[in-house]
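Residue numbers (our numbering), protein chains in the order written: chain A, 1 to 381; chain B, 1 to 456.
FYI, nobody ran anything at the bench for these hints, they're computed from the structure.
Check before you lean on any hint, since a few could be wrong.
To be verified - EDC-like cross-link-like pairs, simulated, lysine to aspartate or glutamate; straight-line CA separation at most 20 Å:
hint	chain 1	residue 1	chain 2	residue 2
1	B	248	A	88
2	B	54	A	234
3	B	276	A	234
4	B	54	A	121
5	A	159	B	401
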Amino acid sequence: MSTITDTTKGAVPKKFKSKKLLIYNPNRVAHTLDQLGLGYFSPIARLVGGDEPKKQLREIVSNTFLPLLAFAVFIGIWGICSQFVVSDSTRIPSPAQTWTAWQGMVDFAEAEKIKEIEYYEANEERALKMEAKAKVAEEAGQTDRVERYNGMAEKFRSKVYQGATTFFDQIGISLITVAVGFLVATLLGVPIGILCGVSKRVNIALNPIIQLFKPVSPLAWFPIVFVFTTWGIEQPESTSIWQRALWTSAGVVTLCSIWPTLINTAVGVASVDKDHLNVAKVLKLGWFKRIWKIVLPSSLPLIFTGLRLSIGVGWMVLVASDMMAQNQGLGKFVWDMYQNGDTQSTAQIIIAVFFIGAIGFLLDRIMLVCQRLVTFEEQNI
Amino acid sequence: MKKNNKKIVALIAYILTAFLGNLNADILDVEKDTLKFGFIKLTDCAPIVIAKEKGYFDDEGLSVEVEAQGNWKELLNRVINGDLDGAHMLAGQPIGATVGFGTKADVLTAYSLDYNGNGITVSNDIWKQMKPNVKKDAAGKVIHPITADSLKPISDKAKSNNAKLKMGMVFPVSTHNYEIRYWLAASGISPGFYYDPGTKQRDIAGFLNSDVELSVTPPPQMPQTLEAGTICAYCVGEPWNQQAVFKKIGVPVTTNYDIWKNNPEKVFGVSAAWAKENPNTWIAVTKALIRAGHWLDASWENRDEAAKILSQPNYVGAPYKVIKNSMTGTFEFEPGVDVRKMEDFNVFFRYNASYPYYSDAVWFLTQMVRWGQLTEQKEDSWYDQMAKKIYRPDIYMRAVEELVDDGAFEDSVFLPAYKANRAGGYKAPSSDFIDGKTYDGKKPNDYVKSFKIGLK
Numbered sequence: 001m002s003t004i005t006d007t008t009k010g011a012v013p014k015k016f017k018s019k020k021l022l023i024y025n026p027n028r029v030a031h032t033l034d035q036l037g038l039g040y041f042s043p044i045a046r047l048v049g050g051d052e053p054k055k056q057l058r059e060i061v062s063n064t065f066l067p068l069l070a071f072a073v074f075i076g077i078w079g080i081c082s083q084f085v086v087s088d089s090t091r092i093p094s095p096a097q098t099w100t101a102w103q104g105m106v107d108f109a110e111a112e113k114i115k116e117i118e119y120y121e122a123n124e125e126r127a128l129k130m131e132a133k134a135k136v137a138e139e140a141g142q143t144d145r146v147e148r149y150n151g152m153a154e155k156f157r158s159k160v161y162q163g164a165t166t167f168f169d170q171i172g173i174s175l176i177t178v179a180v181g182f183l184v185a186t187l188l189g190v191p192i193g194i195l196c197g198v199s200k201r202v203n204i205a206l207n208p209i210i211q212l213f214k215p216v217s218p219l220a221w222f223p224i225v226f227v228f229t230t231w232g233i234e235q236p237e238s239t240s241i242w243q244r245a246l247w248t249s250a251g252v253v254t255l256c257s258i259w260p261t262l263i264n265t266a267v268g269v270a271s272v273d274k275d276h277l278n279v280a281k282v283l284k285l286g287w288f289k290r291i292w293k294i295v296l297p298s299s300l301p302l303i304f305t306g307l308r309l310s311i312g313v314g315w316m317v318l319v320a321s322d323m324m325a326q327n328q329g330l331g332k333f334v335w336d337m338y339q340n341g342d343t344q345s346t347a348q349i350i351i352a353v354f355f356i357g358a359i360g361f362l363l364d365r366i367m368l369v370c371q372r373l374v375t376f377e378e379q380n381i
Numbered sequence: 001m002k003k004n005n006k007k008i009v010a011l012i013a014y015i016l017t018a019f020l021g022n023l024n025a026d027i028l029d030v031e032k033d034t035l036k037f038g039f040i041k042l043t044d045c046a047p048i049v050i051a052k053e054k055g056y057f058d059d060e061g062l063s064v065e066v067e068a069q070g071n072w073k074e075l076l077n078r079v080i081n082g083d084l085d086g087a088h089m090l091a092g093q094p095i096g097a098t099v100g101f102g103t104k105a106d107v108l109t110a111y112s113l114d115y116n117g118n119g120i121t122v123s124n125d126i127w128k129q130m131k132p133n134v135k136k137d138a139a140g141k142v143i144h145p146i147t148a149d150s151l152k153p154i155s156d157k158a159k160s161n162n163a164k165l166k167m168g169m170v171f172p173v174s175t176h177n178y179e180i181r182y183w184l185a186a187s188g189i190s191p192g193f194y195y196d197p198g199t200k201q202r203d204i205a206g207f208l209n210s211d212v213e214l215s216v217t218p219p220p221q222m223p224q225t226l227e228a229g230t231i232c233a234y235c236v237g238e239p240w241n242q243q244a245v246f247k248k249i250g251v252p253v254t255t256n257y258d259i260w261k262n263n264p265e266k267v268f269g270v271s272a273a274w275a276k277e278n279p280n281t282w283i284a285v286t287k288a289l290i291r292a293g294h295w296l297d298a299s300w301e302n303r304d305e306a307a308k309i310l311s312q313p314n315y316v317g318a319p320y321k322v323i324k325n326s327m328t329g330t331f332e333f334e335p336g337v338d339v340r341k342m343e344d345f346n347v348f349f350r351y352n353a354s355y356p357y358y359s360d361a362v363w364f365l366t367q368m369v370r371w372g373q374l375t376e377q378k379e380d381s382w383y384d385q386m387a388k389k390i391y392r393p394d395i396y397m398r399a400v401e402e403l404v405d406d407g408a409f410e411d412s413v414f415l416p417a418y419k420a421n422r423a424g425g426y427k428a429p430s431s432d433f434i435d436g437k438t439y440d441g442k443k444p445n446d447y448v449k450s451f452k453i454g455l456k
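Extracted from the complex, chain A is given alone in its bound form:
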């Protein structure tokens, strides 16, 4: 029960010397795996420890093959759909076509890399040519021209490649966008949530606004956020990733994902054990200290529940907000492919759907681990 807290509390070297911890405890390892959201591996850990091998094996087999079976059925249904869901202008691509499309995407990304190399080579050639011109000018004694040509050569060498954004670049930009939006939502949502939880008056005041804005769709927020970012953010060089479109998209993510954090924080803070607060009173702790030492720690589990919900919402609205803001993320990829209007591009959208799902799942798992970690600690208090 105490592995994680012990290691996080920094007493590791000393503990390592104790023989007790070196003994493999399958139950403890399995439990830790469960806590980390890696429940799939816990029967394996138990099996290694020799704990009811038959039961563990049965579990491993069913944990592995049942999902595989379901996935195979899904692929089968998809394959059948691709034969029948066909209109004049478009169709569902088959799993095989989708696989080809995926290879096409990889090839495109590789071709882009080659293009980038060629770009620098071509600019080097241009620079050399300018230097050659400088030499001609030098020979003719035109000193001002020499400087100009050399300057141009320098410029060509300092050029940065601006190629097509590949699918993999777009994944990266999407993650950055969500991270920015989520961070802002957290930095705003947690403090406001604490205020709402601590003071009934603030809660009464803010509640209508929260309830009013909570259900608004990202598509409706976009034009409003667009005005703010256009007004407040200077457009950087086009080589920078911090484009205004990214801020717009992140702003939409913030507005849609702030609510679960805010509400859960408020609930968590409001439901802090009265005894704890009484202790704080007895100790005559100041307001900030009371929040920091008593309220925040005991409401952490709910705050993290809120954060986990928030990141889920944020990732979900990202595709829509990227589409609207023309931010170079996955949403723009889906939109562009939709506009290409080819069966091949529908297949690429399916690939994007898998990636969006997988990344969303990963983000959720990461938040789940964080959530479990704090819940864990609370039980030890």
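Given chain A, put chain B in place with the hints provided.
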């Protein structure tokens, strides 16, 4: 000895320079060398894409990113707010923005991207009803141009059933809007007005007193919207007409070449603020675009190569064989039945297509007045002033001079441009219209008054 060495170096340098040939353009001192341009997935963005892919921007010392935009409104907003340095624009967009119909902001152009290139496509069902009304030759082949006369009975019937035909165009100030309106009105079908001087009523959707309902759909969505049945006809640029043929969901009935021969279509637009800050960059960009336009019209092989480049997913992204049709001068009307050679279907440089004529700007203004987008009647001099504010052939000619100075082109390539410039930037009066009306850019009011359907 030392002197000899120098001579050899100079000789080598000279040979090297000569060897690199066409690339010996000098570079302007550009104010901004890292740029981002926007485009909509249409084949007429080709000059921008080609200038990038062929390294013409790079030759000018510019590093350019080109990015597809979701729709025309978004693209215009992003040019105005500075997200984009410039963009592939509908010729009517700089004009509409500057006179304040829709978003108000000063947007300028010094380069016309192309002539023609649009088509009107109707759904299979409408075509079935239209076909018996269309004139045919002895062999039973449809005679072009197909006018909207053959659509009139269908539209009349639909209107009397209280279910006006719904049609798509791409933007209120787009060439497509004016073209489909021109085509309909030439056959006595009222496409609707934005303003009714009798009641002083305004309608931003342009449905007042209409026989049909025209609404906005982004170009790439046209085929899907037609197939979904939301609209039964549309006017759009390529490849979205040929896409309908290829997917067998509709039949193109006419092209804008038949509505008005060599009509201006897209321009390269920049915001006035940007142009003021980056005058040399603007000239450098125009130089690269001229080279690209020239390359596109130099041979059909180049067009074929361009079709391949445009079919990449980050550009137009439609299949190569769909794009190839119109890019290589072939246009398929009724699928499999009526394929025609149309070498001028889309022109990028020939007929002086890249020169920004004032008379073209004036034509758009006349149509804005005709349909009530502009609610006041204006003096002829107002048209001239507006055209001169928005269209900048002076920048185009600066770019031409630079290109000739650089030795990239012979003077003779630009004879039509010099001629146009001497004529004050106005085209000679022409009557190459489907209704046979004569248009003289210097007499816009006479032209506006000549229409049967239209505000006067």
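Checked hints:
1. B/248 with A/88: holds (6 Å)
2. B/54 with A/234: violated (31 Å)
3. B/276 with A/234: Status holds; Cα separation ~18 Å.
4. B/54 with A/121: holds (14 Å)
5. A/159 with B/401: With a Cα-Cα distance of about 26 Å, the restraint between residue 159 of chain A and residue 401 of chain B is violated, given a limit of 20 Å.
Hint check: violations occur at hints 2, 5; the rest are consistent with the structure.
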